[in-house]
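Take a look at the letters that make up each chain.
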Amino acid sequence: MSALSTELPALRQTQPPSRGRVLTTLTRVESAKLGTSAVLWLGAVGGALVSLGAAGSVWPLLTGSAGLTYRQANIGIGNLPVGGLRIDFLSFLLMPSGWLVLAGFAMLAGTWLGRRDRRCGAEELLVVTPTGRAGIRAARLGALVLASSIAVAFVFGVVLVVQATSGARGSIDWLILLDGCLGTTLASWIGYGVGSSLPAAFSLFVPILYVGGSFYLSVWQATSVLSSSIEWLLPTPPAPSWSAGLGFLPNIFPEHIVYLVALLLLTGGAVVGLPLRRGPEQPERHRVALGIGVLGLAVAVSIGAGLQAKPDSYAVASPSHATWAPERYSVPDYIGFDCSWVGNSPLANAPRGAAPCDVSAWFHDHVPVSCAADRSLSVCVYRDYGPVAARRLLAAMRSQAPVLAGLFGRPVTVRMVPVNASSCFAGLGKIAIDESMIAYGEQFDPGYLMSCAFPLPESEGLPVDDPSIGGVTLWLAIRSGLVTAGAAKTALVSEPDGVTCFAFANLPCDAQSGGVLSPTDGGLSWTRADIRVGLFLDRYRQSRVVAALRPLLPRLVDATLAPSDLEHALG
Amino acid sequence: MRVVVENLSRSFGSSKVLRDLDLTLEPGITGILGPNGAGKTTLLRILSTALAPSKGSIKVGGWDLSSPHGRTEARRRLGYLPQEVGYYPRFTVFQLVDYIAILKELDDRGERHRRVRTAIDAVGLSAVAGKRIKTLSGGMRRRVGIAQAIVADPELLLLDEPTGGLDPEQRMRFRQLITSLSADRTVVLSTHLVEDIAAVCTSVVVLWQGQALFHGQPAQLRERADGMVWLADAVPDSALLSWRTEEGAVRVIGPRPSAAAVAIEPTLEDAYLLVTNCAPTDAQLR
Chain B
1 MSALSTELPA LRQTQPPSRG RVLTTLTRVE SAKLGTSAVL WLGAVGGALV SLGAAGSVWP
61 LLTGSAGLTY RQANIGIGNL PVGGLRIDFL SFLLMPSGWL VLAGFAMLAG TWLGRRDRRC
121 GAEELLVVTP TGRAGIRAAR LGALVLASSI AVAFVFGVVL VVQATSGARG SIDWLILLDG
181 CLGTTLASWI GYGVGSSLPA AFSLFVPILY VGGSFYLSVW QATSVLSSSI EWLLPTPPAP
241 SWSAGLGFLP NIFPEHIVYL VALLLLTGGA VVGLPLRRGP EQPERHRVAL GIGVLGLAVA
301 VSIGAGLQAK PDSYAVASPS HATWAPERYS VPDYIGFDCS WVGNSPLANA PRGAAPCDVS
361 AWFHDHVPVS CAADRSLSVC VYRDYGPVAA RRLLAAMRSQ APVLAGLFGR PVTVRMVPVN
421 ASSCFAGLGK IAIDESMIAY GEQFDPGYLM SCAFPLPESE GLPVDDPSIG GVTLWLAIRS
481 GLVTAGAAKT ALVSEPDGVT CFAFANLPCD AQSGGVLSPT DGGLSWTRAD IRVGLFLDRY
541 RQSRVVAALR PLLPRLVDAT LAPSDLEHAL G
Chain L
1 MRVVVENLSR SFGSSKVLRD LDLTLEPGIT GILGPNGAGK TTLLRILSTA LAPSKGSIKV
61 GGWDLSSPHG RTEARRRLGY LPQEVGYYPR FTVFQLVDYI AILKELDDRG ERHRRVRTAI
121 DAVGLSAVAG KRIKTLSGGM RRRVGIAQAI VADPELLLLD EPTGGLDPEQ RMRFRQLITS
181 LSADRTVVLS THLVEDIAAV CTSVVVLWQG QALFHGQPAQ LRERADGMVW LADAVPDSAL
241 LSWRTEEGAV RVIGPRPSAA AVAIEPTLED AYLLVTNCAP TDAQLR
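Residue numbers (the working numbering), protein chains in the order written: chain B, 1 to 571; chain L, 1 to 286.
Quick caveat, the hints were computed from the structure, so don't treat them as lab data.
It is possible that some hints are incorrect.
[Unchecked claim] As a list, the in silico BS3-like pairs of lysine-lysine whose alpha-carbon atoms are at most 27 Å apart:
hint: 1; chain 1: L; residue 1: LYS59; chain 2: L; residue 2: LYS16
hint: 2; chain 1: L; residue 1: LYS134; chain 2: B; residue 2: LYS33
hint: 3; chain 1: L; residue 1: LYS16; chain 2: L; residue 2: LYS55
hint: 4; chain 1: B; residue 1: LYS33; chain 2: L; residue 2: LYS59
With these hints in hand, go ahead and build the complete structure from the sequences.
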């Protein structure tokens with residue numbers, strides 16, 4: 001030790017220090033410390049990995065937008081305080097979400113920070129400073145805001161970047177990002193409150209309980225035990241964000257953000273205010289903190305009640321019917337949903353008499369605007385999938401499209417729909433795009449256009465085994481380059497049992513189901529009789545075959561067209 | 001900075017630790033002496049605002065600690081080293097002292113860092129400023145505590161057992177440091193080591209079961225024992241305290257034990273022992 005008097009000049013504050021600057025500095029220091037927290041980074045990396053896993057399995061089901069990425073990454077799809085989560089309407093059981101991982105670790109980081117003073121025995125050192133317990137806690141909550149937000153942005157960014165490398169063009173929806181940050185912050189604040197006020201065992205127990213409980217409640221909700229309307233009360237909006245994005249559900253994000261802020265006020269007020277009851281703290285700060293908490297509670301209850309009054313996830317609330325663009329079948333203004341996911345519950349504003357569910361009747365939502373086209377076909381996907389995806393789709397269909405031109409049901413426009421069933425009618429194709437195709441470049445099902453061209457008759461759910469249909473589809477396959485005529489001839493000679501199975505790239509071929517055309521199942525196989533008809537048709541010019549087939553199509557699709565009639569028509 | 005304590009009491013449950021204590025502490029170094037359980041730590045915790053009194057008033061530099069504003073103003077002016085203090089083990093020495101400096105509202109980063117370095121240097125820890133606290137010895141951690149207490153140039157410095165864990169050389173340096181700091185400050189030093197008091201204090205308070213048995217200059221305390229300390233051949237019945245010295249004689253505190261006993265110059269420790277052994281009993285206090 002050296003003599004201090006000459007080296008430590010007297011500190012003379014000419015004016016009172018700025019409390020705001022002090023708290024800002026403290027927040028920065030605590031943030032930097034949190035930034036080195038292994039717990040938080042473990043959560044961020046784990047959250048990103050899990051998010052990418054979820055994204056890889058179900059991702060571009062919808063728009064590829066930030067909203068979707070958000071849902072798939074489950075950033076901020078919180079489960080506080082009531083739990084419950086529906087990741088999306090097709091795969092909501094993919095519960096191990098990135099956000100849950102992140103939020104769990106954020107809560108753990110909060111408990112770690114909250115316990116630090118007691119763990120180290122440093123409380124007395126801190127409470128005698130002018131910043132005081134309230135100021136220190138406020139600054140630490142601020143640090144948790146920063147650290148949580150950075151972690152959310154990290155997870156969010158990783159998912160966006162990785163998906164962008166697969167051709168997607170995700171955009172950032174700042175409201176959603178904000179919502180996710182607030183949800184994660186809420187978890188960390190609750191963790192801080194737990195860590196600073198409860199025994200050590202709770203520090204680990206509560207985050208585990210939180211994540212496990214959320215998971216359980218989500219599955220519980222998924223099995224419809226829990227009312228779906230409760231999901232609106234979650235810290236971040238649940239599944240119908242896609243509908244909100246499409247304009248058919250009210251966008252609750254602004255309200256929901258207020259709701260989250262209110263929950264944060266409630267939590268923050270309690271975390272800062274309640275400990276001030278003990279010790280010689282400043283009563284006015286105690287009152288202010290608790291007042292903020294009460295305000296948060298009041299707003300949260302108010303907004304929460306409003307949110308709960310919102311329609312259920314799948315109920316269409318807006319826009320009005322007048323703005324819908326119905327397009328097919330017997331019900332004029334028809335809108336359909338996948339019944340298996342809505343539990344056959346009636347849609348709130350569905351027209352009287354309309355069938356509640358029909359996956360094939362997705363209205364024109366005007367959202368697929370990223371298009372690629374050639375002379376015979378136009379393909380449009382949701383905006384954020386981008387033109388890369390549209391071009392991939394077009395390329396996958398290009399070989400078949402000219403061949404099928406003019407045939408019954410062959411679409412000239414293919415549009416992406418957000419339901420898990422493809423359909424086509426009168427020149428318009430609607431297609432549910434398998435995310436793996438866009439994300440990983442897998443081949444598009446070559447049977448799609450054929451199935452549009454030939455709406456096949458079914459017998460007990462299976463396509464009818466009919467040599468005329470088989471022959472025509474083989475001819476289409478040969479003409480579109482899926483099968484060579486030489487391969488068909490070889491198969492005709494070499495397959496003694498009369499069943500020929502052609503395997504296409506990335507498509508299974510099941511000889512057990514030989515003799516039937518099952519393009520949507522991904523397998524194509526033909527009998528010897530089919531092959532004979534197909535090779536017969538292939539001897540003629542394409543335009544002549546199409547002209548001959550056109551009047552015969554009704555009989556063909558009814559499976560009442562004999563091969564001899566085909567020969568006669570061409571002969 | 002003047003500290004005025006009036007009628008101060010503090011109880012923990014049914015145990016009364018401080019009893020109607022009246023004290024006035026002036027600039028300079030005041031040592032609080034007393035046996036274990038005398039209330040030294042409780043008094044310092046109350047002066048530091050870490051603990052609220054059960055009764056009584058305290059004014060620190062004119063600021064009334066019973067008011068929130070007064071407490072904040074007092075906190076701006078005090079440095080405190082608790083008896084048992086914990087640190088964040090992953091913080092470096094610099095980070096810890098800097099952290100406390102921020103809490104002490106030193107919001108100018110450059111100035112704050114300069115002061116942090118100076119305080120660390122003052123306690124002789126410059127060489128380990130970048131080391132994490134968990135790697136330091138107990139004595140070094142104690143010095144970190146002193147550094148954080150002085151970093152904001154406090155007008156009132158409260159040190160509870162500051163030399164515990166320090167080696168003799170560090171204790172000597174600590175005394176130099178405290179002496180240099182005391183020029184225009186009020187330093188309150190709680191200890192049971194009389195030699196620390198004798199070495200640096202300008203004033204001493206002897207606490208006994210929550211009451212001040214003595215408050216004055218060390219020399220005045222020593223004077224209390226004038227004519228009450230003897231060297232004798234044997235232990236007398238009348239002695240308040242007695243023990244055998246290294247030379248084989250018996251040092252007696254109390255009335256003259258025998259005609260052959262020789263009066264000797266009392267030490268501060270003699271006086272302290274005399275005062276505390278003549279103190280009223282707990283029953284008498286009640």
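field: Structure versus earlier hints, numbers of those that do not hold, lowest first
entry: As far as the earlier hints go, only 4 is violated by this structure.
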